[in-house]
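Q: Residues per chain are reported as follows:
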Amino acid sequence: MSDKRDASERFRRGREALQAIMGEGQIDRLDAAYAEVAPDIVEFLVSFAFGDLYARPALKPRDRQLATIAALTALGTAQPQLRSHIKAGLAAGLTREEIVEVLMQMAVYAGFPAALNGLAAAKEVFAEAAKG
Amino acid sequence: MDEKQRYEAGLKVRRAVLGDAHVDRSLSRQNDFTREFQEMITRHAWGEIWTRPAFDRKTRSVMTLAMLIALNRGDEFKLHVRGALNNGLTQDDIKEVILAAAIYCGVPAANSAIHQAQEVFAAD
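Chains A and B are the protein sequences, given in the same order. Read in order, the letters of the first sequence correspond to residues 1 to 132 in this note's numbering. Read in order, the letters of the second sequence correspond to residues 133 to 256 in this note's numbering.
Calculated from the structure, these hints are not laboratory results. Hints should not be assumed to be uniformly reliable.
As the list claims (entries may be wrong) - Subject to a maximum C-alpha distance of 20 Å in a straight line, what follows is the list of computed SDA-like cross-link-like pairs (lysine to any residue): (1) K210/B <-> A255/B; (2) K210/B <-> I173/B; (3) K227/B <-> Y109/A; (4) K227/B <-> V108/A; (5) K190/B <-> Q162/B; (6) K60/A <-> E98/A.
As the list claims (entries may be wrong) - Partial pick of chain A residues on the chain B-facing surface, computed with a CB cut under 8 Å: (7) F44; (8) A70; (9) V108; (10) Y109; (11) P113.
Please read these numbers as outputs of a predicted model, since none were measured by experiment. By construction, the Cβ of each residue, glycine as well, lies at the ideal position given by its N, Cα and C atoms.
Let the sequences and hints guide you as you build the complete structure.
A: Listed below in structure tokens is the structure:
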């Protein structure tokens, strides 16, 4: 399928980074999720977050996921995104122990409720991963 | 109680909690842009909520301080630290609220609150 967005190098770079992190087919899942209400948001997300930022080499993919998991936990408003990035963290080579450790550390900075909600998200993702 | 009476009842509580000096200053700065908002908070927050008898003012101060720390509203927090002292809370009581907030809102939020409370104490 031809994709008009392919004209942009940022978009292509972002899509590659996105799928390396979230798995093949992630772009199709995003397109399907937002096609009806805001198709352009996918291009913004992929070009900026993944094309500009995630594609940068200074942090290893696993370390970037640790930073993202910490930030999403502290925000406390991004439970679905937190679950996606915990999943991506496992795929990037983080262990469950490492993920749980960063979630527990957030209790100090963002409060116990934020950390407990983060741990609940991790529990769900770990249970799904165990099912395969 | 009509709106005017509600406003007057609110103004009385607002003066008791925040002090005449603060309220007089606030009223003297009132202008066409701020008047309706000032009247609304006096009538609603002070006249309808703070006048309710279920909790005494000390208890309401404890609740308000905790919520303002959680919401990261520094200026309002300092205002209500002054109000809490007027309502009979001690510096130690205020310290306890901040310690409890550290658990739920995180240490940085509580750290800011500790500094802000001290600024208010120092201004006395």
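Q: Against this structure, judge whether each hint is valid.
A: Against the structure, the hints:
1. This hinted pair checks out: K210/B and A255/B have alpha carbons roughly 11 Å apart, not beyond 20 Å.
2. For the proposed pair K210/B and I173/B, the alpha carbon gap of about 18 Å is at most 20 Å, so the pair holds.
3. Note on K227/B and Y109/A: the hinted pairing holds, with a Cα-Cα distance of about 19 Å set against a maximum of 20 Å.
4. In summary, the hint linking K227/B to V108/A is supported, as the alpha carbons are separated by about 18 Å, within the 20 Å threshold.
5. Between the alpha carbons of K190/B and Q162/B the distance comes to roughly 28 Å, so the proposed pair goes past 20 Å and is violated.
6. A distance of roughly 15 Å separates the Cα atoms of K60/A and E98/A; the hinted pair therefore holds under the 20 Å criterion.
7. With a cut of 8 Å, the hint placing F44/A at the interface with chain B is violated, because the nearest CB-to-CB distance is about 28 Å.
8. Proximity of A70/A to chain B is violated relative to the hint, the smallest CB-CB distance being about 12 Å (cut-off 8 Å).
9. At about 5 Å, the closest approach between the beta carbon of V108/A and any beta carbon in chain B falls short of 8 Å, and the interface hint on this residue holds.
10. Here the hint on Y109/A is kept, as its CB sits about 5 Å from the closest CB of chain B, short of 8 Å.
11. At about 6 Å, the closest approach between the beta carbon of P113/A and any beta carbon in chain B falls short of 8 Å, and the interface hint on this residue holds.
When the structure is compared with the earlier hints, violations turn up for hints 5, 7, 8 and for no others.
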